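Build out the structure end to end from the sequences listed, making use of the hints.
Line by line, the protein sequences give chains H, X and R. FYI, in this note's numbering the residues of the first sequence are 3 to 292. FYI, in this note's numbering the residues of the second sequence are 3 to 292. FYI, in this note's numbering the residues of the third sequence are 3 to 292.
Keep in mind that the hints were calculated from the coordinates and are not lab data. The structure presented is a predicted model; accordingly, all values stated were derived computationally and were not measured. Fair warning: there could be bad hints in the mix.
Some chain H residues judged to face chain X by a derived CB distance under 7 Å, without partners named [what the hints assert, rightly or not]:
#1 His-60
#2 Thr-80
#3 Arg-187
From chain H, some residues computed to sit far from chain X (all C-beta separations above 12 Å) [what the hints assert, rightly or not]:
#4 Arg-38
#5 Pro-47
#6 Val-112
#7 Ser-113
#8 Thr-127
#9 Leu-163
#10 Asp-209
#11 Pro-210
#12 Thr-212
#13 Ala-267
#14 Ala-278
#15 Gly-288
#16 Leu-290
Just so you know, even glycine gets a beta-carbon here, dropped at the ideal spot from N, CA and C.
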Amino acid sequence: VATRYEWISATTDYGTDDGFVAACVGVIARLAPHARVIDVTHTVPPGDIRRGATVLAHSVHYLPAAVHLAVVDPGVGTSRRGLAIVAGDSTLVGPDNGLLLPAADELGGVSAAYELAEPAYWLPTVSHTFHGRDVFAPVTAHLAAGADPAALGPALDVAGLVRLPPPRVDVRPAGLTAEVLTVDRFGNVQLAARTSDLASAGIRLGDPVTLTPGDAVTLTPGDPVTPSPGDPDPPATAVVGNTFADVEAGALVVLVDSAGHVAIAVNAGSAAARLATRPGAAVSLGLLRR
Amino acid sequence: VATRYEWISATTDYGTDDGFVAACVGVIARLAPHARVIDVTHTVPPGDIRRGATVLAHSVHYLPAAVHLAVVDPGVGTSRRGLAIVAGDSTLVGPDNGLLLPAADELGGVSAAYELAEPAYWLPTVSHTFHGRDVFAPVTAHLAAGADPAALGPALDVAGLVRLPPPRVDVRPAGLTAEVLTVDRFGNVQLAARTSDLASAGIRLGDPVTLTPGDAVTLTPGDPVTPSPGDPDPPATAVVGNTFADVEAGALVVLVDSAGHVAIAVNAGSAAARLATRPGAAVSLGLLRR
Amino acid sequence: VATRYEWISATTDYGTDDGFVAACVGVIARLAPHARVIDVTHTVPPGDIRRGATVLAHSVHYLPAAVHLAVVDPGVGTSRRGLAIVAGDSTLVGPDNGLLLPAADELGGVSAAYELAEPAYWLPTVSHTFHGRDVFAPVTAHLAAGADPAALGPALDVAGLVRLPPPRVDVRPAGLTAEVLTVDRFGNVQLAARTSDLASAGIRLGDPVTLTPGDAVTLTPGDPVTPSPGDPDPPATAVVGNTFADVEAGALVVLVDSAGHVAIAVNAGSAAARLATRPGAAVSLGLLRR
Chain H
3 VATRYEWISA
13 TTDYGTDDGF
23 VAACVGVIAR
33 LAPHARVIDV
43 THTVPPGDIR
53 RGATVLAHSV
63 HYLPAAVHLA
73 VVDPGVGTSR
83 RGLAIVAGDS
93 TLVGPDNGLL
103 LPAADELGGV
113 SAAYELAEPA
123 YWLPTVSHTF
133 HGRDVFAPVT
143 AHLAAGADPA
153 ALGPALDVAG
163 LVRLPPPRVD
173 VRPAGLTAEV
183 LTVDRFGNVQ
193 LAARTSDLAS
203 AGIRLGDPVT
213 LTPGDAVTLT
223 PGDPVTPSPG
233 DPDPPATAVV
243 GNTFADVEAG
253 ALVVLVDSAG
263 HVAIAVNAGS
273 AAARLATRPG
283 AAVSLGLLRR
Chain X
3 VATRYEWISA
13 TTDYGTDDGF
23 VAACVGVIAR
33 LAPHARVIDV
43 THTVPPGDIR
53 RGATVLAHSV
63 HYLPAAVHLA
73 VVDPGVGTSR
83 RGLAIVAGDS
93 TLVGPDNGLL
103 LPAADELGGV
113 SAAYELAEPA
123 YWLPTVSHTF
133 HGRDVFAPVT
143 AHLAAGADPA
153 ALGPALDVAG
163 LVRLPPPRVD
173 VRPAGLTAEV
183 LTVDRFGNVQ
193 LAARTSDLAS
203 AGIRLGDPVT
213 LTPGDAVTLT
223 PGDPVTPSPG
233 DPDPPATAVV
243 GNTFADVEAG
253 ALVVLVDSAG
263 HVAIAVNAGS
273 AAARLATRPG
283 AAVSLGLLRR
Chain R
3 VATRYEWISA
13 TTDYGTDDGF
23 VAACVGVIAR
33 LAPHARVIDV
43 THTVPPGDIR
53 RGATVLAHSV
63 HYLPAAVHLA
73 VVDPGVGTSR
83 RGLAIVAGDS
93 TLVGPDNGLL
103 LPAADELGGV
113 SAAYELAEPA
123 YWLPTVSHTF
133 HGRDVFAPVT
143 AHLAAGADPA
153 ALGPALDVAG
163 LVRLPPPRVD
173 VRPAGLTAEV
183 LTVDRFGNVQ
193 LAARTSDLAS
203 AGIRLGDPVT
213 LTPGDAVTLT
223 PGDPVTPSPG
233 DPDPPATAVV
243 GNTFADVEAG
253 ALVVLVDSAG
263 HVAIAVNAGS
273 AAARLATRPG
283 AAVSLGLLRR
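See below:
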């Protein structure tokens, strides 16, 4: 079924120093001049599919119905497939490398997926290294202009799409260990754990907790976290609160962030610097005696 | 009185690496799809209210009539108030922490101010840590769509709004000492002093001057500036000119910048690096014998 | 002949931390509210005319018909001229310092050029240091709204416009030496050489090559490249391929990039870091025995 879209969102690792984003936006402006583009981010670390997927998934609920163009594509020019995924009121376009599915899940799940196989929807000449401009942007524009996703190429089985391994969360009585999903501009450390995980561990608002940063994630449920050389000794302590200013300036607070994840913050400071942690590492929370 | 706005401007410390700005813009696109957003900046240093206020105040005269959304909000989730301020042909929305008033002054002064107290204009669920998305962006969109500011909450006395202390300027015969207001991308050092201060000090185009960077601002009028360890010795010298190329490459020039402030520049170089100064520090100008 | 433009593109070295871009966009919004602005980049290194010219020239083919505003203007406030250049379906606006001509060439060459001499198309007050806001943005907006370029000032002889020296390329049997034109966000090293230069040197897909980074460009055709202290010893080797993943992760590949230039890349890494090179330096490619 074809829909016309007023809005397009764009998520890439192209940066804004070069003209890569402008070339994609220019292609869209030529083919779908009615559409308006909302930039999600263009500064995903080069090739960091997980990060791109996370930022888009956290934003998409607040965006209007749109064609969501996402390109973090280290396999460009290889046999990796290009995709259009219909999910909820939107369509997602990008490479088949796990980038799109978390956002599709947030939109209510994949209702159809198509391989980009029909060159009529691409630029006449396709480079080996810039499918964002030559394939994904024109497909995005054609979809915004009302093209039927089914015309883009063969339908794909959802189970066959590349999916990133889920980030690890290990909940236990009075504690949890979870992968760091993102670190934001303020240095807030967002864990893969969610509100319900904190509740399952029996940790409540106002509780004091210890924070133990660990090594890169090789967690299996129940594994102990091996402290890394940069760990504070003794472990850092924090309080479970609602917002940054629930603790004094410079103190650690554990809170549920605006995406519904458990996050560690320092009021007027950087928790990532304090804990010497980063995306992909593990952090362990343990309830201190109340 | 309600007005419909075609334009919205946005000034935040959210950065563009995360999806925070996109979430705000998405909320606006859903509620006021007719409105177009002009980004002022999103890279205010985290929590730096003075910097956000200065950038917005310097830009606002050149922007069209708009709802100006500004969020630098270290007190998010506490009892600090949210505001809508009517000023000139525009309305400003953001926290009551001093961020909005310099721009309101540039627009001709506050004609009305309202506390954001009516949840009907917010998102249905309000997080503790992201009022930009959940409160300020939807209020901005409703205003752009024609909502009456008076409907947002109780009217406030302008004298009761939080106002940043004015940056210090101390003019004396043949010299002045002023706080560094901003350092721009080119390393130009903008002082809080204005054209009239230079004139009051009797410093004129073509005059040679000494430049003495000082410590962080604890100035009271007439205080001497204590040289900081990084100071050049003897003091740097400059000439008062009109533009960068009035001096040779690498030389210092004092000029009136495009915002009407006294600024120190190095032609094809960085004055901030040369003087080892930064926003909030003091710089003293002294007239050399003509 | 006057045309109305729906689109404006913007290329500057203003950065996005300050409000400089917002002021220009605001001026455009007031004078040509119908026009939409596509950002090419605002993070050209301060005063780097070559870099600004290159990014715009590589993007312009993919942009819609537009007024292309470009400001990298170290001579602002001096006697350097402002220009409007008609080329193909577009008009370019900016300083006469070489910034605009490479893009004009991409658009099919200059069909007319005018000096910006008529203050009726500028802001009422023109600062000495911010002609982007006070001259170039309002001229851009007036052109988008349908002003005749010939009304902006006297026609200029194309041969008299400032043109950057062409980047050096020296092709020889089984090798070439070329200036590094750009390094992109991924660390890909784009040479001034093009596909045809590779063919002229007799270097073909699948060939192994040596890579020798050299000093800053002082090349005359036939000059040997002096190895710089940071050079790998023995020289780095690469293979000529189509895309990044044609070599294993961490290996060097030479390819034709999306702008048609010869480029050196590291799969999942930075070739600029590997070769310790930068824009303006030379790199020499030599065919290894097949």
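Hints and how they fare:
no. : hint    : verdict
1   : His-60  : holds (5 Å)
2   : Thr-80  : violated (27 Å)
3   : Arg-187 : holds (4 Å)
4   : Arg-38  : violated (8 Å)
5   : Pro-47  : violated (9 Å)
6   : Val-112 : holds (21 Å)
7   : Ser-113 : holds (21 Å)
8   : Thr-127 : holds (31 Å)
9   : Leu-163 : holds (22 Å)
10  : Asp-209 : holds (16 Å)
11  : Pro-210 : holds (19 Å)
12  : Thr-212 : holds (22 Å)
13  : Ala-267 : violated (8 Å)
14  : Ala-278 : holds (19 Å)
15  : Gly-288 : holds (23 Å)
16  : Leu-290 : holds (22 Å)
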